[in-house]
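Undergrad: Here's the letter readout for the chains.
Protein chains: 2
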Amino acid sequence: MMVHLSKKQLLEAESFFRRDFVNSLAGYKSLNLIGTKNENGVTNLSPFSQIFHVGATPPVVGILFRPHTVERHTFENILNTGYFTLNHVTPVFYKEAHQTAARYEGSEFEATGLEEEYLNGFFAPFVKLSPLKVACKLAERVTLKINGTELLLADIEDVFVEEKGLRKDGSLDLNELETVTNTGLDEYHIGQRLARLSYPKPGKPLEEIL
Amino acid sequence: MMVHLSKKQLLEAESFFRRDFVNSLAGYKSLNLIGTKNENGVTNLSPFSQIFHVGATPPVVGILFRPHTVERHTFENILNTGYFTLNHVTPVFYKEAHQTAARYEGSEFEATGLEEEYLNGFFAPFVKLSPLKVACKLAERVTLKINGTELLLADIEDVFVEEKGLRKDGSLDLNELETVTNTGLDEYHIGQRLARLSYPKPGKPLEEIL
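Line order of the protein sequences matches chains A and B. According to my numbering, the first sequence is numbered sequentially starting from 502. According to my numbering, the second sequence is numbered sequentially starting from 502.
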């Protein structure tokens, strides 16, 4: 049984319903904790899930931020300092990761007990427990006309990944790293592999890559 | 044991290694089949995973496309007609979904046996087997300076979702819908819920939403 919801019905629905519903439509999301530090040395940590691959040569990542209408520490720290980190979340600390979204006055690292660490002299803090950490440097800012959403594009400067999750061909085993993915506003999942599939060509049967 | 890869090492690595590695860094991705139709009535179906929530009021979705240097049917059909559909993939047809990425001359619906359907008079074709289908209308195009990647923003016009996956609060149960997520270039997974968590506030313990 299929339910049909039109744009008109969505716009007339309660705002909590519309927010949850529309946020879930694209599917599973790329959850990361973003670590930043302001000019006074105060660190910040916050969960984001609108993060996506933009290019490999050079390595570039993109992140969407809500319109810049109120104070947003992560966004402002990135604009002011140019640096941030991405940190995958695991089942061991996904509740602390969720809790970093609360409105704290000081550092979310201290407030939630997640330990920060500094690697390779990079300015912004990483999450010590994270199995995959990426050092990023701001490269381009685009404000989307449609609704004021802010898109930041960043160069990937360094990656730190637990050895068990890195395969010889360069692909990452996110099941092995226990990377958490999220849906909607508040729901967390781990992934369970179906298969890796061979490169698709017309007339050629697919094979599973083992 | 953490492995460190610098930007320099990535740029000097084999291109297949760099492509797989960088593509996997953000985490699990939002896999959808995009359905389009050209001005001559030829349909097209192709898998995309750089798809993300942009806003709920009005409902807007964003999709990244590789730089427009060679013929790309999906991208051109959207630019020329203004319409496309997003279709979640399930374990029942994820191999056919992967196979639609092969370079076919005609329609990928015919080539892979995935049945197309038309709903509510919408111009572009949906995937009949999909448990969550979204009708989209092109709203804005942004070419990213950093590497020529194309960002399309689209208004969500209609949503069709299997009733079992829609909760009363508007959130979607993607485990129940059996939505597939992907990582890297060729790897497919289903999600397994850890929990839904209550709204985070300083000093307030999180609760699981059941």
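Please note that the accuracy of each hint is not assured.
With a straight-line Cα cutoff of 20 Å, these simulated PhoX-like cross-link-like pairs (lysine-lysine) come out [as the list claims (entries may be wrong)]:
hint : chain 1 : residue 1 : chain 2 : residue 2
1    : B       : LYS509    : A       : LYS508
2    : B       : LYS629    : A       : LYS638
3    : B       : LYS509    : A       : LYS638
4    : B       : LYS665    : A       : LYS705
5    : B       : LYS509    : A       : LYS669
6    : B       : LYS665    : A       : LYS596
7    : B       : LYS508    : A       : LYS509
8    : B       : LYS508    : A       : LYS638
9    : A       : LYS629    : A       : LYS669
10   : A       : LYS669    : B       : LYS629
11   : B       : LYS646    : A       : LYS702
12   : B       : LYS596    : A       : LYS508
13   : B       : LYS669    : B       : LYS629
14   : A       : LYS629    : A       : LYS596
15   : A       : LYS646    : B       : LYS638
16   : A       : LYS596    : B       : LYS705
17   : B       : LYS702    : A       : LYS509
18   : B       : LYS638    : B       : LYS596
19   : A       : LYS646    : B       : LYS705
Everything labelled a hint here was simulated from the structure, so no lab data went into it.
Undergrad: Hint by hint, say whether it matches the structure.
TA: How the hints compare with the structure:
no.	hint	verdict
1	B:LYS509 <-> A:LYS508	violated (47 Å)
2	B:LYS629 <-> A:LYS638	violated (43 Å)
3	B:LYS509 <-> A:LYS638	holds (14 Å)
4	B:LYS665 <-> A:LYS705	violated (36 Å)
5	B:LYS509 <-> A:LYS669	holds (18 Å)
6	B:LYS665 <-> A:LYS596	violated (27 Å)
7	B:LYS508 <-> A:LYS509	violated (47 Å)
8	B:LYS508 <-> A:LYS638	holds (11 Å)
9	A:LYS629 <-> A:LYS669	violated (25 Å)
10	A:LYS669 <-> B:LYS629	violated (38 Å)
11	B:LYS646 <-> A:LYS702	violated (32 Å)
12	B:LYS596 <-> A:LYS508	violated (32 Å)
13	B:LYS669 <-> B:LYS629	violated (25 Å)
14	A:LYS629 <-> A:LYS596	holds (16 Å)
15	A:LYS646 <-> B:LYS638	holds (16 Å)
16	A:LYS596 <-> B:LYS705	holds (12 Å)
17	B:LYS702 <-> A:LYS509	violated (33 Å)
18	B:LYS638 <-> B:LYS596	violated (27 Å)
19	A:LYS646 <-> B:LYS705	violated (37 Å)
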